[in-house]
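Asker: Protein sequence lines, in the order shown, are assigned to chains A and B.
Its first residue numbered 53, the first sequence is counted upward by one per residue in the numbering used here.
Its first residue numbered 17, the second sequence is counted upward by one per residue in the numbering used here.
No lab work stands behind these hints, which were simulated from the structure alone.
Keep in mind that a hint or two might mislead.
[Stated by the list, open to error] Negatives, chain A to chain B, calculated, CB over 10 Å:
no., residue
1, Ala163
2, Pro293
3, Gly475
[What the hints assert, rightly or not] Examples of chain B residues lying across from chain A (beta carbon under 7 Å, computed):
no., residue
4, Lys108
5, Asp299
6, Ser400
No residue lacks a Cβ here, since even glycine has one placed at the ideal position from N, Cα and C.
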Amino acid sequence: MTGVSDTPGPLASAHAIAAGVRAGTFRAREVLEEHLARVEALEEDVHAFNLVLADSARMAADAVDADVAAGHDLGPLAGVPVALKDNLCTRGVPTTCSSLILGSWKPPYDATVVQRLASAGAVVVGKTNLDEFAMGSSTENSAFGATRNPHDLTRVPGGSSGGSAAAVAAAFAAVALGSDTGGSIRQPASLCGVVGAKPTYGLVSRYGLIAFASSLDQIGPLARSVRDAALLLDSISGPDPADSTCLQDDPPSASARLEGGVEGLRVGLVRELAGAEGISPDVVACTRDAAEALSGLGAKVDEVSLPAAVYGLSAYYIIAPAEASSNLARYDGVRYGMRAANHGTDAADITEMYLRTRSAGFGAEVKRRIMLGTYALSAGYYDAYYGQAQRVRTLIIRDFEAAYETFDVLLAPTAPGTAFELGAKTADPLTMYLNDVCTIPSNLAGHPAISVPFGVGDDGLPVGVQVLAPALGETVMFQVAAALEAAAPPVALPSILSAGRTG
Amino acid sequence: MTVTTTDWETVIGLEVHAELRTETKLFCCCRNSFGEEPNVNVCPVCLGLPGSLPVLNRVAVEYAMRIGTALHCRVQSSIFHRKNYFYPDMPKDYQISQYDIPINAEGWLDLPGGRRVQIERAHMEEDTGKSTHVGGGGRIHEATYSLVDYNRAGVPLVEIVSAPDMRSAEEARAYVDELRSILVATGASDGKMEEGSLRVDANVSVRAKGDGQFGTRCEIKNMNSLRSLGRAIEYEAERQVALITDGGSVAQETRHWDESAGRTGTMRSKEEAYDYRYFPEPDLVPVEPSDEWIASVAASLPRLPAQRRSEIAAASGMGVESESVVTVVRLGLDGYVDAVIASGAGERGTAIAVRRLANEVAAEIGSAAHLTEPAFCRLIAMESDGSLTTAQARTVLRELLDNGGEPDAIAARLGFEAMEAGDLEAVVDQVISAHPDEWSRYVAGEAKLAGFFMNHIKAATEGKADMKAASALLRSRSA
Ligand SMILES: [Zn+2]
């Protein structure tokens with residue numbers, strides 16, 4: 053392959069790629085090869101992927117180029133290299149959830165979002181690493197090894213969509229899909245210096261997303277710009293008859309008012325989250341800087357109180373494990389995936405087969421949450437745990453509703469700190485859980501939220517700030533996010549890219 | 017002290033699972049059909065593959081509403097729950113079912129005998145697959161290996177839960193029989209116990225007569241026919257009475273009916289009982305049928321067995337609990353009665369029709385398809401007006417059931433013209449004069465000789481005589 057000189061640079065936007073491919077300025081195949089070369093050079097250090105799909109990506113890119121040559125209409129993501137979190141089902145391609153228990157299982161179908169990406173002309177470069185079954189905040193809970201942060205390879209990328217965030221930060225793909233149950237898109241976006249959005253619950257079909265906690269899971273975009281995140285979200289949102297919880301009306305446009313500015317918009321800085329215990333001062337400072345920047349652009353910024361938000365973490369760690377304990381029951385060795393004891397071995401009976409399979413197939417964090425959730429749903433404990441958690445959820449929704457009577461959007465930190473060292477929090481699950489304290493309330497309410505890079509911490513690593521909006525408030529949320537992005541201090545390239553090792 | 021079972025009362029509540037006759041399964045587009053090659057009607061949803069999601073079948077909801085309406089339940093907004101337990105024939109290791117907010121609540125069913133059984137609920141749920149355990153006597157824990165067929169997984173079920181309102185095995189059977197007729201009448205289920213589309217679990221307890229408290233109950237599973245339901249309840253009641261009278265007590269547990277051994281055995285003790293960890297199914301939205309939908313289901317419901325029985329009883333002059341009326345409605349032969357009534361038959365003709373249906377047609381129910389309503393109406397008219405004797409009418413009916421056809425033509429082919437009254441008198445007089453001794457004894461009061469004369473009259477007329485008329489003639493000659 054020669055002649056990649058016409059391709060845009062490594063940080064080219066999805067918009068620029070799609071426009072260039074459609075116009076015939078460069079070919080999808082050239083864009084792909086340029087990205088694959090970077091994967092070849094840097095993936096060993098980053099480990100963003102569970103599986104790189106070079107061959108099928110080349111076929112998809114060639115098909116896009118053939119369509120361009122034939123004068124066919126092309127979708128909004130024509131030739132855009134996309135990475136998929138490895139909990140999204142891809143037909144005939146292993147989908148692992150970074151767990152041993154799925155073995156070499158290959159889904160016989162594509163997730164709805166995967167189908168929509170294909171019809172939009174996107175080129176899937178690979179399946180990205182995650183915390184096993186999306187349970188974690190560092191991508192260290194992967195059966196296939198941790199992903200490293202492209203800004204500092206000794207640090208975690210966040211999680212659970214750490215592979216997708218790292219792939220976008222390292223420009224292995226222009227954009228990526230992740231899933232967000234308690235912050236799993238936004239927190240790694242913050243730690244990797246990229247944009248990550250969790251849409252309104254029901255805006256994007258979950259069909260083909262391997263469930264962690266069904267009432268909280270949402271698929272969303274990770275990108276290097278707000279505009280690209282909006283483009284990707286608009287390409288996958290909308291009704292799907294295969295998902296009963298998917299909203300049936302036309303979705304709001306994320307891209308509609310990106311240039312709209314914030315003049316006159318009312319922005320509420322969430323007091324409890326901006327000042328929550330455990331949020332490091334440099335993150336609080338970045339958040340206040342962001343509020344000031346918006347104020348300078350004409351927004352009316354004030355503090356707002358969400359008193360129930362601080363109970364979100366506790367409620368989340370009941371509801372999510374409860375649903376997970378049920379969602380993960382099917383991995384029992386009977387039908388697919390790993391079976392640790394077969395006919396003819398010394399396993400005495402079916403119960404022993406279940407025990408051996410699930411003991412060997414699940415990692416420690418997944419087991420911990422299955423046990424938590426099973427306990428919370430048990431007879432005699434249901435009301436005290438699950439019932440109480442659902443009441444907290446209702447209170448949080450009420451707090452948000454009250455806040456949105458006064459404010460158009462809310463502002464809060466995304467993660468309590470910058471990227472931490474690998475292994476720093478693995479010994480203490482509770483410390484790890486605190487990573488999600490600012491992101492969880494949006495999941496519990498079903499509301500959208502987006503993390504936008506805004507400044508750096510004392511260690512020079514990226515810090516993200518969240519814009520929160522009411523249900524179906526994506527248009528105004530992306531509008532404010534775009535203004536914030538434009539006002540943010542310049543972000544340094546990830547060290548591995550700036551080190552000139554991109555081949 | 018001897019205590020007999022007559023001092024004891026059996027208390028029975030039934031849980032009936034009815035498969036709905038929808039084209040497709042409850043949460044996917046796979047075909048809902050019985051008796052196919054294993055694992056042909058499956059897809060990612062009913063196999064519970066990772067990432068798949070259920071979507072509720074609207075027709076199944078409508079069928080469930082029909083059943084609820086027919087059982088006089090409150091049809092209401094409802095939600096689904098997950099019932100969690102591990103079993104290989106359940107693809108997700110949880111069953112999507114309804115729990116504290118079912119679609120149908122608080123109804124009742126009247127048995128043909130008049131007794132009313134309260135219905136607590138009739139809720140929707142998905143069926144499981146079917147396991148075959150090879151080796152180890154067919155039980156999963158001793159099996160060498162097991163095979164699973166998921167064709168049935170996700171087939172829509174309605175579970176109808178009665179109050180503990182029945183007091184005998186006979187009543188329990190009558191309840192299931194009546195419920196089955198209602199299910200068939202609504203068109204929601206085919207009610208075939210032998211094919212497993214109707215499955216019955218029985219909660220059985222005993223108590224001393226007059227005791228206001230219920231005893232400890234056992235749940236009995238695996239009865240595959242009405243007969244085994246009756247046997248299992250009777251066995252279980254006797255077992256419990258024997259336990260108590262021996263100074264022991266009944267342990268709450270799930271028991272398995274062994275048809276060949278004729279006994280129940282422990283399946284799961286209370287300590288081993290599953291904790292199902294019910295919680296609201298997050299993959300589905302609430303089912304909220306509009307008032308218009310509920311009303312249209314109620315309006316489209318056909319007449320139900322109880323109503324059919326009273327209509328037919330009124331038109332035929334027979335009792336509403338008459339065996340013939342109950343049988344005709346239970347077997348779905350009531351359409352013939354309607355046709356006979358519409359053809360202008362009066363009370364007597366309608367009663368004849370009910371008897372023919374309950375006897376000859378019921379015995380040959382498999383051939384009933386050959387019998388057209390016009391042919392049946394004509395046959396009843398011929399029997400009513402005396403053109404055919406009862407014996408002749410039966411013969412013609414048999415021919416109609418076997419081969420179809422037209423009653424007048426069949427009667428003519430068989431030579432069944434009715435005798436003129438004068439011809440019959442002549443035959444009767446000939447038979448009397450040919451047997452003077454027997455006649456004197458009959459006139460003297462030896463009544464059983466009537467049969468002797470009737471047989472001779474029947475033979476002399478080659479069965480064409482109206483035997484009622486012959487009997488009347490015989491009596492008038494002897495008077
Ligand atoms: Zn199916």
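Asker: All hints, please: hold or fail.
Answerer: Verification of the supplied hints:
1. Ala163: 6 Å, violated
2. Pro293: 7 Å, violated
3. Gly475: 30 Å, holds
4. Lys108: 5 Å, holds
5. Asp299: 5 Å, holds
6. Ser400: 59 Å, violated
Of the numbered hints stated above, those contradicted by the structure are hints 1, 2 and 6, listed in ascending order.
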